[in-house]
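S.K.: Sequence:
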Amino acid sequence: MPDMSPVAEYDFIIVGAGSAGCLLANRLSANPDHRVLLIEAGGKDDWFWIKVPVGYLYTIANPRTDWCFTTEADPGLAGRSIHYARGRVIGGCSSINAMIHMRGQASDYALWAQATGDERWLWGGSNRPGETLAIYKELEDYFGGADDWHGVGGEIRVERPRVRWKILDAWQAAAAQVGIAPIEEFNRGDNTGSAYFHVNQRRGRRWSMADAFLHPVAHRPNLTVYIQTQALQLLMDDQVHEDQRRGAWTTAQRRAVGLRLLKGGHIIDVRARQEVILSAGAIGSPHLMQVSGLGPAGLLTQHQVPVAVDLPGVGENLQDHLQIRTIFRVQGARTVNTLYRNWITRGGMGFQYLMLRSGPMTMPPSTLGAFAKSDPALSSPDMEWHVQPLSLAKFGDPLHHFGAITPSVCNLRPSSRGHVRMAKADPLTAPKIHCNYLSTDADRLTAVRGLRMTRQIMAAPALARYRPQEMLPGPELVSDDELQRAAGELGTTIFHPVGTCAMGAFDAHGRPRSSTAVLDTDCRVYRVAGLRVVDASAMPTITSGNTNAPVMLIAERAARAIMGHSG
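By our numbering, the letter at position 357 of the sequence shown is numbered 357, and the numbering carries on one by one without gaps.
No lab work stands behind these hints, which were simulated from the structure alone.
The C-beta atom is built at its ideal place from N, Cα and C for all residues, glycine as well.
Heads up, a few of these hints could be off.
As the list claims (entries may be wrong) - Label-pair restraints from in silico Cβ distances:
id	residue 1	residue 2	range
1	D310	P221	40 to 50 Å
2	T301	S358	50 to 60 Å
3	T345	K51	20 to 30 Å
4	D397	A297	36 to 46 Å
5	S358	A425	50 to 60 Å
6	D481	H509	40 to 50 Å
7	D426	Q177	52 to 62 Å
8	P216	G145	20 to 30 Å
9	F143	L354	35 to 45 Å
10	S126	A425	17 to 27 Å
11	V478	P216	32 to 42 Å
12	D238	G265	45 to 55 Å
13	L354	H565	24 to 34 Å
14	Q177	G79	33 to 43 Å
Given the sequences, and given the hints that come with them, work out the whole structure.
M.R.: What follows is the structure, given as structure tokens:
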């Protein structure tokens, strides 16, 4: 039973102090008349390994900072289930992720504009329609200064990596020899080519979205932050309300009025005068909606959850990038493996970081990237490589005792779709996550082409001096069938789940045009007044690359919409 003490009221309640939640808390509390509550299931982000870039080795798969989800056994992964990291700490995934700042490609946002019927999602720039590039520039504090592509003075710090590797320079040269030319950077709308990634760091330390948006405003008297507090259920009333959906009026069946929380071992209720905003991520947001009676009616009935609103798209449309990890042993190359196995150079890495904030300890998981087309007829790249100057059997295992690199290749626009579904009506029971990787012929073909192109790069003259030797998947695997099986056996997530509460277009009667649509272009939930979902689950389709920067775009767009409608 909930605590019967007086119920606290706020104007806005935000669930999840991850990337989107931190921005929303910043923007909405800027109005001193708004009382804002930000709720985070995890704890503070003051642990040493959160701030050190290489600390992802200690934060992922650690219940101190990670929800430690596990996927359902996946036929596409040879029946394997895999660890599915999601941030459970102030800053969310931005406190444990790869720090790669990747906007995606202009073509990604054309798909969003098409899905939502909203041209504002287009890339824009040079007097073309669309707001996406302009918003990215406003959010950014770019190390190289302002220009046509970048901005300064924003909250999100963007820098270049503070360490380079000769073996990666050689890989980049090899990629050029097979037709993937070097480019200056990836954030100009067309990512064709290879480059070192931009990273969210400031002077050699991780720059999370909590650093960018939450900590600078934590002193505001109208902003309250609950940590180690889990949202159990949305509170709704049964009154009928009218809610505008881009020019069409829709009768809402319910209104979100608050939340039931588990805080300090006690169940409490909090009320929202204006809106509840879910920013719990592509796993957490649909799960909370489902246990609250918002989701596919069949699923809710199966678990004896009363149907508040039948929303078939909640938890469906799950998309993710599957990375296929190849490993090549190299000789005569400086790699993280070779540095770490020698106690002198290992100590030197620590000294270099502590004294100069440079060296391998500032390194993101992947430093160099490349984009290419699996088919020349495609209009934009559909494959990406993350190249690491290290190797290990699997994440969490020790580094190999020999020099090696790991070029991982992924399909940027998978056609496979999975889902997130509650396992029980109990909100504390983890949901079932079924990624459904490699479930389409197109995805399997792209995986094979990615592996073959990786081999072409590794066989190019620029890498010959390092005498690369293929360890995974193994040179004996040559047929398409063999490489398809290898992709399933080696593939794992890059932790980019999106799409489970997707934005979509609505017809003249306010009805969604797609069965997967849950939100309108301003992230408002269909047929539920006073409720938005603002996080990666809102993406109709996955972007080409790491997803943190696109989440910030969505959050900024949503914040502007909310402020335009609030008192």
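S.K.: Next, verify each hint and record whether it holds.
M.R.: Checked hints:
no., hint, verdict
1, D310 x P221: 40 to 50 Å, "holds (41 Å)"
2, T301 x S358: 50 to 60 Å, "holds (57 Å)"
3, T345 x K51: 20 to 30 Å, "holds (23 Å)"
4, D397 x A297: 36 to 46 Å, "holds (44 Å)"
5, S358 x A425: 50 to 60 Å, "holds (51 Å)"
6, D481 x H509: 40 to 50 Å, "holds (49 Å)"
7, D426 x Q177: 52 to 62 Å, "holds (56 Å)"
8, P216 x G145: 20 to 30 Å, "holds (22 Å)"
9, F143 x L354: 35 to 45 Å, "violated (22 Å)"
10, S126 x A425: 17 to 27 Å, "violated (52 Å)"
11, V478 x P216: 32 to 42 Å, "violated (55 Å)"
12, D238 x G265: 45 to 55 Å, "violated (30 Å)"
13, L354 x H565: 24 to 34 Å, "violated (49 Å)"
14, Q177 x G79: 33 to 43 Å, "holds (38 Å)"
Taken one by one, the earlier hints fail for this structure at numbers 9, 10, 11, 12, 13, listed in ascending order.
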